Structure formats: C-alpha cells, structure tokens
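Add chains D and A to chain W, keeping to what the hints say.
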Amino acid sequence: MGLSNALARYAVNHAHVLLVEAPGHWLTRAAAEQQLLARGWLFASSPADADVLALCGTPGPEIAAIAARLWEQLPGPRARVQIDAPHLAAAAFESAATKLLDVTLQRDDSQGRSATPNGERHRDNESEGHDGGHDHGGHGTHVGKGEMDGGHAEHSAMDHGGSSGHGESGDHGGMGHGMDMGHADMGHGATSHGGMDMAPAGIPMTHGGEDRDGLELDVLHLRLGPVLPYWPTGLVLRCSLQGDLIVHAEVTLVDAQHARHHAGVRCAHHRAARRCDNAAGLLALSGWEDAAGRARRLRDWLLSDGDRGTTARDLDRLHRRIKRSWLLRWSLRGVGYLSAADVARLDLPGHLRGDTHDRLLSMIQRAADDIAGSADASSDASEHVPIVKIGDVVQGLDIATARLVVASLDLDPQPAASAVAHA
Amino acid sequence: MYAGAAAMALVAIVFVAGLYGLHRLLALAPDPLAVLPFQSGWRPEEHALSRYHVRWYLSTLLFLAFDVEMLFMYPWAVVVAEMGATAIVEMFLFLGAVFVAVVWAWREGALRWV
Amino acid sequence: MPDSTVTTVSAGWALAAAAILGLLVAFAAVLDGLFSARTAGAGPSGMTRPLGETARLVRQRRRTTVAADTLLWRIGSSGLLFMALMIVTVVPLGQWTLFDLDVGVVWFNAMDVLAWAFVWLTGWGANSTHSLIGGYRFLAHGLAYELPLMFALVAPAVAASSLNVGTVAAAQADLWFVVWMPVAFLVFCTGVVAIAVWGPFTPALGSDIAGGVTTELSGVDRLVFQGGRYALLAAGAAFAVPMFLGGGNGPLLPGWAWVLVKTSALLAVLVWLRRRLPAVRPDLFMEVGWVVLLPAVLVQDLLVAVVAVWRT
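Residue numbers (my numbering), protein chains in the order written: chain W, 3 to 425; chain D, -12 to 101; chain A, 114 to 425.
It should be emphasised that the hints constitute simulated quantities derived from the structure, not laboratory data. Only a predicted model underlies this, so the values are computations on that prediction, with no experimental measurement involved. Glycine is no exception: its CB is placed at the ideal position from the N, C-alpha and C atoms. Don't take each hint at face value.
Here are the in silico distance ranges between beta carbons for each label pair [stated by the list, open to error]: (1) A/Trp369 x D/Asp54: 30 to 40 Å; (2) D/Gly8 x W/Arg310: 53 to 63 Å; (3) W/Leu217 x D/Ala52: 15 to 25 Å; (4) A/Arg389 x W/Asp316: 12 to 22 Å; (5) W/Gly4 x A/Leu128: 20 to 30 Å; (6) D/Gly8 x W/Asp394: 46 to 56 Å; (7) D/Leu45 x W/Ala343: 28 to 38 Å.
Covered, in the sense of this in silico footprint (three residues per stretch, anywhere, with C-beta under 8 Å from a C-beta of chain A), are these stretches of chain W [claimed, not checked]: (8) 34 to 48; (9) 224 to 233.
Bound conformation, chain W alone:
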C-alpha cells in the first residue's frame, strides 16, 4: 500500500487533463489551461491519455452526454471536475488531485467498471436516437468481444435479422440528417450488402463507395469534434473518409439551441486574446510547440490585462518569428487557398483570403491591431464565419490539411448558432 501511495504521489504531479469545453465558455477553458500548466500538468490528446476530465463551463445536454461517454473511456485512475467559471479552475484541479491520490477510491471505482463497454451502450441509445444507424448496437453486445470468426459473425447477423437492413437504412438516415449539402458521389446505396453484413460487437463493417477516380473504396465515417485537441468548440464535422481523405463533410453544432446568446467578444483585449488562442491552436496543429506555447502565454497575459507595451512587443516578436520560419511557410503555403472569388462565394470575411499561412499571419496582425486599438470594432460583429460553409471548405482535403484549414478560419467563440439552424 505504501508503494501505491508513493506512485500515486509522483503520478499526480504529472497528470494529463482532457478538456471538454461547453460552447460559450472559452474563457473558462483558457483559465483551466493556464492553471493546469502552472501545476506542471499536461493536456491529454485523447481519453486514453487522460487522468482528469475537466468540463469547462455549464454543458448543454449533448455535451453532457459526450462527456459521460468520454468519462467511460478514461482508463483510471480518473477524476472528473466541472469548472463553472474561470476563477474556479485552480480549486477544481486541486480537488481532482485529491481524488487521484485517494488509492482506495480509485481502486473501488476501477473494480466497479465492467470489462465490456456495455452500460455505455444503453445510455447512447437514448441520447443518440436520431442516429438510427447505431441503435441496434445494444443487441450486439453479447456477441462477446466480437471476434470475427464464423460462429460469432453468423450469430450477430442473426441477431440483427432485419437490422442489417435497418443498419443500412439507418446509415442513410445518418447521412441525410442535418444539413445535407448534396452528397458528392456517395453512391453506396447501390452496393447491396443486405444480410451479408457482419457487425462484430454491434458495430457494422465499412461499406464501399466510389472515390474521385471512380474506384470502389471503403468509406469510414468519423466525427471531428466536439472534443478534439485544438478544435473549435461545439463544432462537429461528420466526415466520410476514404483513407484519410475527406470525400464529404456535414457540419452540425452541439447544443446549438441551448447556446446562451453570448455576444461574441466585447472587449478589445479579449478579442486579441481570442486571436492568440486560435493562433496557438493552429501552431500546435502544425507541430510547432514552441511557438504555440508563446501564443498561449500571450493570450494569458491579455486575459489577465497584462502590460500593454510588453504584450504588443511580444506579439510583434512572434509575428516575425512565424514569418521567418521557412519550414512553417513551406508546410502551410497553399493549404486551403481561398481566392477573392471563393471568399465572396462562400460568404466568408475578407481577412480569410489567401492560404493558411496568410491567415495565421493575419490572425497575429489583427491581435496586434486590437491591442493598439486601431481595429474597427464595429466591423467585428458582421465578420462571423458562416459555420455551414466549413463543410465546403474542407471537402476533398485530407484530415491533416483540413484540421489546419479549420483552425485557420479563426472562428469566434460563439459561432452564429442561428445560421446553422435554418441552413
């Protein structure tokens, strides 16, 4: 027991935190990031990597359901905290540390968890009713761990009976729901796979679909967001992937109808901080941790109303550093290029013209303008990026460039939820 306690003490000093941000609460998330780094903790990139699940802000029903599902995926020792306001972050992490240190509590928690992801399934069925395709998931769970050998496959096929057909139609239901922007070439309805469908563990196998060259290739569906490192809050992109290429993407927002009508970012300092936050995300996605850390610190200074002069100088230094890095320019040049015509067609704000590298520099520049007070504050409100257009922007890109492009769109914290509702 002594050893377990000693291990726990060392471990807790280096915990990894998975942040879940409720829409409209980016300041809480920023404060949480600052506090956890101050403790010597790190960001977790996935639940497997996390000891602490920190819910930043007051979640709507969808985010709450997602957080519950993620909570099941944390390996444990685990602690869940909710941070309602920025100034509560430090105390929340303190309580998380206490929970992680409690060896008995953690052991009991771990023993109480079943070896199969059963319990979670049933909850899903309720909260995800609109995704018809998965509803039969619950039936398949007793197929054990779903080995692919004949017996089991047959078993699960029987299990589903009509439900593989149901899965198929559900699939289409899934594809068609929300804003269907005319499925590019997703002709997989034609491929017949009725009763042949195998669904180990209640999850179907992939189906074929035609790629851009007319070859039939497997299509995987992957939702990006809402919980993903450096991903815009609340945004969900349901991607149809062939390999890592996005052949089709649908945009939704979580808890859109529950979003509190937060009037964007009012104060110029906070606007600048938001630009820095977005720049930090883009730099982190491009793999340049040093520069990302710098942008993040600038954000924190701006949020704590630090000295204007030094912040402006540091921002300028970051701008020059980014400009000087030929490796960064090489990797971002030409990514997601938007011509003036594209910007007009997609109804995007003018500062998004150019490629991802231009947009990164413009982000920093606009932060500097905000600090200097030279920005035209009135223009800001009209400059929201219409969220639905993101699907068009990323279609045909691979995941890596799509992530860079989405990060470069420099979204404001509370996207115009109404734009999605009637799209």
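Quick look at chains D and A alone, frame taken from chain W:
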C-alpha cells in the same frame, strides 16, 4: 559470436515482460478495460479496420524498385576502394539510370498525392 | 574478417549495455521534461517528469478497444524498445562490443526497417480510426526517409571499406567522417528522428488526430511505446558515433567515455530540436525525400567513393 545478440534479445523480452508484470502488481486493476475507440465523444459508426485508401500507392512501387537495387550497394561498398574507378563508374551509371526513372515518376506526379 | 579493432565481450554484458541505454533514455527524457516545462512557461521545472510519467503509466489501467487486434497491437507497441536494444548490440563502446558482426551496418538497417511494422501495427491494432490514420502517416514518411537513410549508411562503409561498425570507427582516427560527409550525417540524423517518430516526424502521433498511433494506448502499453521512442532516439544517436563522429577517438578521455559524451551531445541536440521545428507533413516530405535528399546523398556517396579510390 551471436551470443551477444541473443542475450540482448533475451534482455529485451525479459524487460518488457517485467514491465508488464510490474504493471500487473501496481496498476489499479490488472485486466484491461474494454472501451469503445475515441471518436471525439461519439460512438463509432463502423469498425476502423478496413481497406484503407493508400494514396501514395505509386510511391510504394517506386520504393520497392529502388530498395531492391539498394541492396547491391552494401557488397559494393566493401570492395569499391580496391576495385577502383571501374566499380564507381559501373555503380553510378546504374544508379543514374534508376534515378532517371525516379525523375520520370516525379514528373508524372507519382510523388504528389493530395 | 579485416582488422577488427574491438574485442567482443561475453553475452552477460548485454545487461550492462541495456542499462547504459536506459541511462541515456532517462537523460533524454529529463531534458525533454525541462524543455517542455520551459515551453509551458509556468509551473515546476519538469525535472521529475520522466519519473512521474512512469509512475502514472504504471499505475494506470490498460485498455482494449472493441474488436481490437490485440496480439499485433501489443507486438507493435513493445517492438520499438526491442529494436533499440538490438541496435545497440553492434555499437562498440570504445574497444568493447557485444556483437562484432561483419555486416553491422546492415544489421542497423535491418533493425530500423522494423519500425515500419511496429509503428503501423500499433496504429492498426487498436481498431480506431484516428490511430489507423496515424499508422499510415508513418508509412508515408517511411517511404520518403528510408532510402536516403540507407544510402547515407553506405558512405562511411565505402570510406572504411568495411561494413563492420568497429572498423568504420577505427577508420576515423585521423578525420571524423562527419567532416567530409556532412550530407550523409544530416540525412542519417533525419532518419533517426523519423524512426523515433520524433520532432518534425510526429504527424503519426499528431494532436490533429488525437494522438494518432497512441490514441488508444494507456498504462504500460503506452509506457513501452513512448519509452521505445526515446530508446530509438538514443540508440540512433549512439550508432551515429562510430559511423560519423569518430567512435571512441578523442584526447584525454578513454574511448568508452568519448562514445558516451558524443552520444549524449547528439541526443541532446535531437531532443532540443523537437519543439523548435514544425511538423513535416508526409505528403510534402515525400517529394523532398525523393527529389532532394536522395540525389543529395547519392552525390555524397559518389564523392566518398571517388575519395576512397583516390586514396588507395
């Protein structure tokens, strides 16, 4: 002569097994927890194991050709100093010919895949 | 066998070699902890990060995903450590070596190619889309870095007229190979960084795909994978010493000490680079590998061969 390598392989296996053993003793629970794969908090719609669209397929063919050729370099490296200029000329004519193929494939766009 | 200048020690010393690699890994991890604390700009120094991370992962429960290919997954995640240990068997520590293979250079090559299998299997086994994408990203990098790396290994072998690592090291008594084959050295270092999925070659573990290959790893599975990456970086740095940095040659200190000093120095540079450079996207690097690195290293080989012939 191979004893050293065999002993090291043994050390590697024992070390990894030892870590797993240690983990069994010290972890919260010895058995792994079964979970769904991470998909931003959503349930997966399909199994990920699928026919992945490898867009750099052409590069793999080019690689295979060059890789097999590369094996000639090792024996050649040992003898080139004593064989003299002919060995250099022969090898680099050969490499040059293969590299022309690479340049051709590049011009054809085999190395670009987005 | 040509004039081998090293003595083979008994097999029992494998344990000592593994321990030295372990110390190098600890050194690299502490250094990385310090740098990462500096990037964070706040909080404790990061000195104890490796210890804390190890404690954390030893305590953490393992996970398995639905319908995972568990056997291949575990082989993949623990394979990197195995590779690294096998690489150091052929690296002479001053005048001692564990495994005095005639074709030690080829041995390194054979081991480093295993990374393709291990990293990809780790990505594949989890049955998770993010990690699958990560695995394929590594292969795409591999296609571009592997050939230049192989040709870079040939340059010292040509200069020393031997594929025996000890002989290659001994051939640098007058002049280190890095001085007159810098291109091969840089390409070799690029290869080492890529094998360790380090620094610019981290898209396979990218945060854009939630950790990629490591998305679903926890507990000891993650520990052996991450430890394996550090071990590969250390083993690669150690192998660069007899190949390019003059092996145990140096004034005052004994040979074994010079090997350790040079290894640590190169390792420190590689660790430092991690945060300084943005990631290199596999699709962009493909062209660089084939159209820039490959011809550059071929010209290097040609120059080295001409010099080697001219000297005899």
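A/Trp369 versus D/Asp54 beta-carbon gap, inside 30 to 40 Å or not: Between A/Trp369 and D/Asp54, where Cβ atoms are some 35 Å apart, the hint holds.
Is the gap between the beta carbons of D/Gly8 and W/Asp394 within 46 to 56 Å? Once the Cβ atoms are compared, 54 Å apart, the range 46 to 56 Å for W/Asp394 and D/Gly8 holds.
That 15 to 25 Å hint for W/Leu217 and D/Ala52 (C-beta), does it hold up? holds (23 Å)
Is the listed coverage of the region 34 to 48 of chain W by chain A valid when you require three or more residues with a beta carbon under 8 Å from a beta carbon of that chain? Held - the region 34 to 48 of chain W has 9 residues with a Cβ nearer than 8 Å to chain A, which meets the minimum of three.
For the pair D/Gly8 and W/Arg310, does the Cβ-Cβ distance stay inside 53 to 63 Å? holds (58 Å)
Closer than 8 Å, Cβ to Cβ, for at least three residues: run that test on the region 224 to 233 of chain W against chain A and report holds or violated. holds (count 4)
Given a hinted range of 28 to 38 Å, is it respected by the beta-carbon distance of D/Leu45 and W/Ala343? Cβ of D/Leu45 to Cβ of W/Ala343: about 33 Å, so the range 28 to 38 Å holds.
Is 12 to 22 Å right for how far apart the beta carbons of A/Arg389 and W/Asp316 are? holds (18 Å)
How does the Cβ-Cβ distance of W/Gly4 and A/Leu128 compare with 20 to 30 Å: does it lie in that range? Between W/Gly4 and A/Leu128, where Cβ atoms are some 29 Å apart, the hint holds.
Figure legend: structure checked against the earlier numbered hints; every hint is met.
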